[in-house]
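Q: Keeping their order, the protein sequence lines are chains A and B.
For the first sequence, the numbering used here gives the first residue as 1, with consecutive numbering after it.
For the second sequence, the numbering used here gives the first residue as 545, with consecutive numbering after it.
Check before you lean on any hint, since a few could be wrong.
Claimed, not checked - Covered stretches of chain B, going by a simulated chain A footprint (3 or more residues, C-beta under 8 Å):
| # | stretch |
| --- | --- |
| 1 | 557-567 |
| 2 | 643-653 |
| 3 | 746-752 |
Unchecked claim - Here are the simulated distance ranges between beta carbons:
| # | chain 1 | residue 1 | chain 2 | residue 2 | range |
| --- | --- | --- | --- | --- | --- |
| 4 | A | G372 | B | Q759 | 31 to 39 Å |
| 5 | B | E644 | A | P469 | 17 to 25 Å |
| 6 | A | K535 | B | Q759 | 41 to 49 Å |
Hints were generated in silico from the structure; no laboratory data involved.
For glycine and all other residues, C-beta sits at the position ideal for the given N, C-alpha and C.
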Amino acid sequence: MKGSTSNWVLYALCVVIVLVLTVFPIVTFLNAILNHPEHLPQLWERSTLVALFNTLWVALSALVLSLAIAVPLAFCVTRTDIPFRNTLKKSFFFGYVLPPYLFAIAWITLAVPEVGLLNRTFGLSLNIYSLAGLIFVFTSAHLPIVFAACCQGMENFDPALEEAARVFGARPLRVFFKITLPCLAPTIASSALLFFLTVTAAFGVPAIIGIPARLPVLTTKIYTLAKLGGLDGTYQAFIVSLWLLLTALLSLAMNQVIRKKMGYRLVGGKVSRPSLIPLGMIRIPALVLTMGLAIILVALPLGSIVLSSFLKIAGVLKWSNLSWGNYAYLFQMAETQRSFINSVILAVSTGLFCAIAGFLLSYLRERSTLPGTEWLLRLASFPFAIPGTVLALAFIVSYGTGWGHQEIALLGSLSLVGMSYFAKDLALGVQTALPAMTQIDPTLDDAARVFGARPYQVLRWVLLPLMLPALFNAFFLTALPALSELTMSVLLAGPGTETVGTVLYQLQDYANPLASCALATILMILLGVVFLIYKLIGRMVASA
Amino acid sequence: MNEVTLLNITKSFSVNTVVDNLSLKVAEGSFLSLLGPSGCGKTTVLRMVAGLEMPTSGEIRIGNDTVYHSGQNIYVPPEERKLGMVFQSYAIWPHMTVLENIMFPLRLQKRNKADRYEIALQTLKNVRLDHLKDRKPHQLSGGQQQRVALARALAASPRVILLDEPLSNLDANLRDEMCDEIIALRAKHPITMIYVTHDQREAFRLSDQIALMSQGKIEQMSSPEEIRTKPRTEFVKQFLKL
Numbered sequence: 001m002k003g004s005t006s007n008w009v010l011y012a013l014c015v016v017i018v019l020v021l022t023v024f025p026i027v028t029f030l031n032a033i034l035n036h037p038e039h040l041p042q043l044w045e046r047s048t049l050v051a052l053f054n055t056l057w058v059a060l061s062a063l064v065l066s067l068a069i070a071v072p073l074a075f076c077v078t079r080t081d082i083p084f085r086n087t088l089k090k091s092f093f094f095g096y097v098l099p100p101y102l103f104a105i106a107w108i109t110l111a112v113p114e115v116g117l118l119n120r121t122f123g124l125s126l127n128i129y130s131l132a133g134l135i136f137v138f139t140s141a142h143l144p145i146v147f148a149a150c151c152q153g154m155e156n157f158d159p160a161l162e163e164a165a166r167v168f169g170a171r172p173l174r175v176f177f178k179i180t181l182p183c184l185a186p187t188i189a190s191s192a193l194l195f196f197l198t199v200t201a202a203f204g205v206p207a208i209i210g211i212p213a214r215l216p217v218l219t220t221k222i223y224t225l226a227k228l229g230g231l232d233g234t235y236q237a238f239i240v241s242l243w244l245l246l247t248a249l250l251s252l253a254m255n256q257v258i259r260k261k262m263g264y265r266l267v268g269g270k271v272s273r274p275s276l277i278p279l280g281m282i283r284i285p286a287l288v289l290t291m292g293l294a295i296i297l298v299a300l301p302l303g304s305i306v307l308s309s310f311l312k313i314a315g316v317l318k319w320s321n322l323s324w325g326n327y328a329y330l331f332q333m334a335e336t337q338r339s340f341i342n343s344v345i346l347a348v349s350t351g352l353f354c355a356i357a358g359f360l361l362s363y364l365r366e367r368s369t370l371p372g373t374e375w376l377l378r379l380a381s382f383p384f385a386i387p388g389t390v391l392a393l394a395f396i397v398s399y400g401t402g403w404g405h406q407e408i409a410l411l412g413s414l415s416l417v418g419m420s421y422f423a424k425d426l427a428l429g430v431q432t433a434l435p436a437m438t439q440i441d442p443t444l445d446d447a448a449r450v451f452g453a454r455p456y457q458v459l460r461w462v463l464l465p466l467m468l469p470a471l472f473n474a475f476f477l478t479a480l481p482a483l484s485e486l487t488m489s490v491l492l493a494g495p496g497t498e499t500v501g502t503v504l505y506q507l508q509d510y511a512n513p514l515a516s517c518a519l520a521t522i523l524m525i526l527l528g529v530v531f532l533i534y535k536l537i538g539r540m541v542a543s544a
Numbered sequence: 545m546n547e548v549t550l551l552n553i554t555k556s557f558s559v560n561t562v563v564d565n566l567s568l569k570v571a572e573g574s575f576l577s578l579l580g581p582s583g584c585g586k587t588t589v590l591r592m593v594a595g596l597e598m599p600t601s602g603e604i605r606i607g608n609d610t611v612y613h614s615g616q617n618i619y620v621p622p623e624e625r626k627l628g629m630v631f632q633s634y635a636i637w638p639h640m641t642v643l644e645n646i647m648f649p650l651r652l653q654k655r656n657k658a659d660r661y662e663i664a665l666q667t668l669k670n671v672r673l674d675h676l677k678d679r680k681p682h683q684l685s686g687g688q689q690q691r692v693a694l695a696r697a698l699a700a701s702p703r704v705i706l707l708d709e710p711l712s713n714l715d716a717n718l719r720d721e722m723c724d725e726i727i728a729l730r731a732k733h734p735i736t737m738i739y740v741t742h743d744q745r746e747a748f749r750l751s752d753q754i755a756l757m758s759q760g761k762i763e764q765m766s767s768p769e770e771i772r773t774k775p776r777t778e779f780v781k782q783f784l785k786l
């Protein structure tokens with residue numbers, strides 16, 4: 001009886017969205033591969049296997065390094081009496097707001113052989129264009145993924161579990177290793193897989209650091225083939241991307257296994273905050289160490305970008321070497337302004353699309369009896385798991401070429417870039433909207449129906465206002481990363497549709513690396529301002 | 545004529561029959577309680593009258609309208625049945641103020657703004673809540689929220705008001721007070737009411753008629769005096785502890 005006309009209209013709309021953004025691109029992509037079996041040997045070609053090996057090796061090393069840093073660090077800032085706990089904790093979260101490639105740009109200014117700021121100022125001989133450099137930059141850029149999960153787990157941990165162990169005679173450190181850490185293992189493992197997935201799918205960092213270092217990974221290999229290899233290259237890129245797809249799907253499958261096998265829930269942790277472990281003698285050394293990490297991983301790279309944006313010659317720290325020249329260079333470049341306009345349009349439309357579509361999908365899932373809504377949600381969320389590079393290729397074959405009709409070929413158009421963002425981020429919209437929808441008592445809808453509201457009126461006057469805070473979160477959660485997206489844009493955008501990400505990459509890659517620092521500085525300020533607005537509005541909504 | 549008639553209503557969920565060939569009639573302006581243990585199907589009956597649940601078969605009439613008829617394939621959605629309802633969880637819309645909660649049904653009825661305000665305020669005065677009209681629901685106590693829910697149902701001037709265990713979330717003292725309130729309101733607004741409860745004290749105090757239900761069937765339907773003095777089945781005796 002809940003299947004009313006308006007619900008059917010929404011249902012049809014959501015089916016179309018899923019067909020356009022998920023089903024058609026993936027089917028077309030797989031079909032393109034099957035129709036060109038002559039390129040299949042590319043899968044085992046030496047250069048492909050090298051890229052695969054590099055990808056896995058770099059991602060695993062970065063993961064191990066990140067865990068080695070994140071677990072003790074999270075413990076320090078959440079569970080001990082270290083001074084400035086919250087400030088320290090927050091300082092490691094910058095990477096959540098900033099695109100990872102900023103860290104690559106930053107470390108180039110710091111540690112390029114000879115002219116890097118660190119090398120020139122302190123006479124070091126660091127070389128960021130190396131395997132170690134790549135691993136280190138990945139670690140600093142994606143550390144927040146595992147760090148946030150560790151912090152959350154340790155903060156919400158039920159102290160009674162630890163207190164019980166204390167009562168039975170275990171010392172604090174022993175409690176940590178024998179009780180706390182094992183209990184948090186599923187949370188940490190899950191975030192580790194997300195980290196692995198993110199690093200294997202990353203394009204910006206390996207493009208900026210890996211290509212000059214002659215360390216091709218899958219994403220950069222695909223990019224080079226697709227951009228420079230002509231038609232054959234495009235098909236070879238499809239084949240190589242199968243490895244990337246496989247890696248992603250395996251990580252996801254492993255995550256499912258972890259959830260099932262280790263799926264005990266830690267409940268009741270919010271009642272009282274866990275007790276803080278006194279560090280005693282090592283309180284100050286711990287503080288120094290933690291602050292040192294914050295400086296090396298966050299303050300130094302970000303500061304270096306800002307500093308370099310004012311330099312005339314890279315790496316030379318003299319008053320006479322400072323100028324606004326890089327900014328002037330940016331302002332006389334037509335692409336700069338255009339890219340900001342494009343990125344803002346893309347970000348706003350992505351935010352709106354994901355919030356609204358997430359709302360409608362979760363409405364259908366929770367409030368209608370129409371068939372297959374569970375599958376609709378799964379399909380809508382699926383592109384999120386697909387590496388951006390693969391997704392972009394799928395959009396190129398499905399919509400980019402126009403199937404022989406040049407007038408409907410979308411490659412290089414803003415709408416194609418936008419569609420890829422929509423597809424990639426819709427899962428975030430759904431993930432944010434669905435829990436909020438399940439929390440709304442269905443009798444609120446029933447009451448409205450009995451008092452004369454049609455289903456669309458219930459949607460408009462009851463559910464929408466109640467969902468607004470969640471939809472607002474969904475908007476920012478998807479719009480913020482869209483502002484600086486690079487991985488898909490670099491394959492899909494063209495002249496006139498540059499995004500901030502692609503212009504930054506061009507500048508860094510060949511045009512003018514110091515100007516890229518100026519653009520990166522502007523981008524950081526923009527992202528910071530948007531993030532602050534988001535937090536401010538969020539606080540206002542919460543207090544209202 | 546705002547009587548409610550149910551004819552041979554059956555409701556099954558797959559193999560499980562919740563309401564079994566049930567017929568009853570509520571006279572215009574009278575107060576019927578559906579009384580019974582939890583799981584006897586009384587709430588399902590109420591939700592079918594509201595249109596929130598679709599019967600498997602049978603016929604439901606409200607006044608002169610057939611709102612459900614399995615044979616003729618008639619199903620009138622809840623919003624077209626011109627009813628009012630009071631829920632166990634109150635179902636006060638949390639994003640609206642008290643006044644807005646009461647005005648919203650009137651707005652759906654396309655009344656003009658001045659009317660909406662006038663009626664809502666008058667009804668709030670009736671339940672002595674006019675001083676709280678600009679509060680948000682979460683700033684009210686449980687008893688106050690339930691009075692808002694009552695006022696909302698009254699203000700909509702529905703043909704029938706359906707009440708689904710409205711007092712079960714209140715403590716004992718408040719429950720007595722609300723019973724008095726409902727009796728007083730009924731004296732002013734003689735609207736047909738169907739009241740679902742598992743509490744026989746409430747049913748006996750409020751009702752013109754009581755339908756005692758068990759396992760989807762009516763064991764006995766009669767006036768409170770009669771049901772107490774002439775219990776027809778063993779189950780009635782046991783349930784009422786006679």
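Q: Please go over all the hints and tell whether each is borne out by the structure.
A: Here is how each hint holds up against the structure:
Chain A is given as covering the stretch 557-567 of chain B, and this is violated because 0 residues of the stretch bring a CB closer than 8 Å to a CB of that chain, at least three being needed. Closer than 8 Å: that is the beta-carbon criterion, and the stretch 643-653 of chain B has 4 residues meeting it against chain A, so the requirement of 3 holds. Check on the stretch 746-752 of chain B: 0 of its residues sit with their Cβ under 8 Å from a Cβ of chain A, so the three-residue criterion for coverage is violated. A hinted range of 31 to 39 Å holds for the C-beta pair G372/A and Q759/B, which are about 35 Å apart.
Checked against the given bound of 17 to 25 Å, the beta carbons of E644/B and P469/A, roughly 19 Å apart, stay inside it. About 56 Å separates the C-beta atoms of K535/A and Q759/B, a value inconsistent with the hinted range of 41 to 49 Å.
In summary, the numbered hints that this structure violates are 1, 3, 6.
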